[in-house]
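> Listed below, chain by chain, are the residues.
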Amino acid sequence: MDVPAHITGTVWKVEVSVGQEVAAGDVLVILESMKMEMPIEAPEAGTVKEVRCQPNQPVNEGDVLVVLGP
Amino acid sequence: MFRSLLIANRGEIARRIGTVARSMGLRTIAVYSDADAQAPFVKEADQAVRLGPPPPKDSYLNLEALIRAAKETGAEAVHPGYGFVSENAEFARACTEAGIVFVGPPPESMGRMKDKAQARALAAGAGVPVVPGSDGVVADLRGAGEAAERIGFPLLVKAAGGGGGIGMAVAGSQAELEKAFRACADRARSAFGRDAVYLERYFPAPRHIEVQILGDTQGNLLQVLERECSIQRRHQKVVEEAGSPLFLERKNAALLQRMTQAALAAARAFGYANAGTVEFLVADGEFFFIEMNARLQVEHPVTELTTGVDLIGWQLRIAAGERLTLKQEEIRRQGHALEFRIYAEDPVRFLPSPGPLKVFRPPEGEGIRVDAGYSEGGVVTPYYDPLLAKLIVSGKSRAEAIQRSEAALQRFDIQGLKNNVPLHLRIVRDQAFQAGELDTHFLEHHAKPEPRSP
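Quick note, the sequences are listed as chains Y and A, same order. Heads up: the first sequence begins at 1 in my numbering, then just goes up one per residue. Heads up: the second sequence begins at 1001 in my numbering, then just goes up one per residue.
Bear in mind the hints are in silico, worked out from the structure with no lab data behind them. Ideal Cβ positions, reconstructed from N, Cα and C, are used throughout, including at glycine. Check each hint, because a few of them may be wrong.
Pairwise CB distance ranges (calculated) [what the hints assert, rightly or not]: (1) D1115/A to G69/Y: 42 to 50 Å; (2) W12/Y to G1145/A: 23 to 31 Å; (3) D1115/A to N60/Y: 34 to 42 Å; (4) E1406/A to N60/Y: 34 to 42 Å; (5) W12/Y to R1332/A: 16 to 24 Å; (6) Q1415/A to G69/Y: 35 to 43 Å; (7) D1115/A to S17/Y: 34 to 42 Å; (8) G1365/A to S17/Y: 20 to 28 Å.
Assemble the whole structure, with the sequences as input and the hints as a guide.
Okay, structure coming up:
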């Protein structure tokens, strides 16, 4: 499952790494946009398959940040 | 008076300071990041210097680049605006060392205000009521727990050195306190380099009322009346007005008198000079000092429009060493003014919405002033705060100002990105707002969008 950015901004923190198991609602990435921090949470439980972003990287709304798998 | 001014800021405030400075005959120098190269504040300046790439730390927060730009252009003074380096004592000192006048309070005074725990102790020492709290920072969770027992719940947990809603959380119980403490300590460490956190009593429905201060370097100090800024989202102001509805028609005159005197006492305790603001929470007929801001406020226009005091002009004259010739008894309010912060954000969920300004047509008319940072065809980037423009509306009475505001908001045409004009329309049409019944949680209970019909 792809977890996208819901706003345009920059990546402030990446809170997970590949292989990590996460529960629904766990914070995966924290974005920063217009002086505001926005946590990106896991929509469902799973394992982190890919992390497609790194701190300070600019992202657009809709860009996939993390890929979760079973 | 100095002859040239570098404006170390961007957007609407850089533009506004530039306009005032040029009207006083100064040469203005803009500084900009790559994201703002085409912005109005850059084009309108007499000279412009590139600072660096868009992120604030590489541009508007880059002290070295700012000082270099000032030296290269021969700027005799620097105005920091609000945000960015405006409350940075290190920058103020660097300016002084480079022989450049910093338009703001003395660096020592800024230092006293910036550390909230120290600011609170100074204010309390000057006899100004403060919110019951931890009296200094709590070093660890255990200290926080003990302080909480004494102050009582609910509590506000704040990161020292924070501001603008960053590093704050409410805790209703010891369990919530643990979570809030960890979050704030973490934020304080990453943003300010230390994990100092303090606690204070949380008021469920306070008003936010502040007093404008103006002081010169000879020790003359004035209060330029109050503003109310209770309409907030995420602890950030959305609508401000002067005067406060709490004091209209001479209501609560004794409370206002005590507040303005307390503001002067606090400013004196901080050794203040230039323009500053003392912020208070007001609840149940009592008022409590929150903080003193060592800078021009975003909402200063509502004071300018109702008192006739040119705050930016005075900032420049005071920085140049001129004497404050205004007298306290000359400071009188005429009429009423409202300021609406027009943000590039979703008007319901308040999420940021950067993007292109395909259409940007502010309203015009009697009693309407618009301080805009952008123009049609510009692009709003995610690097800075979401403020597009300030719509400032004045009238003979609050009712007239509200009426004009509704008409002005309806005519404000913005297309290409989400913006909060619809939210402002809901606010001015809200009965509680019209009755002046405001508190800082207003938006959690009022001015909600109509539910969509199925």
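> Do the beta carbons of Q1415/A and G69/Y sit within 35 to 43 Å of each other?
Roughly 41 Å apart at Cβ, these two residues keep to the hinted range, so it holds.
> Could you tell me whether the CB distance from D1115/A to G69/Y stays inside 42 to 50 Å?
This hint holds: roughly 47 Å between Cβ atoms.
> Given a hint of 16 to 24 Å, does the C-beta separation of W12/Y and R1332/A actually sit inside it?
Because 47 Å falls outside the window, the suggested range is violated.
> Given a hint of 34 to 42 Å, does the C-beta separation of D1115/A and S17/Y actually sit inside it?
holds (36 Å)
> Falls inside 20 to 28 Å, the C-beta gap from G1365/A to S17/Y?
Taking Cβ atoms as reference, G1365/A and S17/Y lie about 57 Å apart, which means the hint is violated.
> Between the beta carbons of E1406/A and N60/Y, is the distance compatible with 34 to 42 Å?
holds (35 Å)
> Is it true that the C-beta distance of D1115/A to N60/Y lies inside 34 to 42 Å, as the hint says?
holds (38 Å)
> Between W12/Y and G1145/A, does the beta-carbon spacing fit 23 to 31 Å?
holds (29 Å)
In summary, the structure is inconsistent with hints 5 and 8 from the numbered list given earlier, while agreeing with the others.
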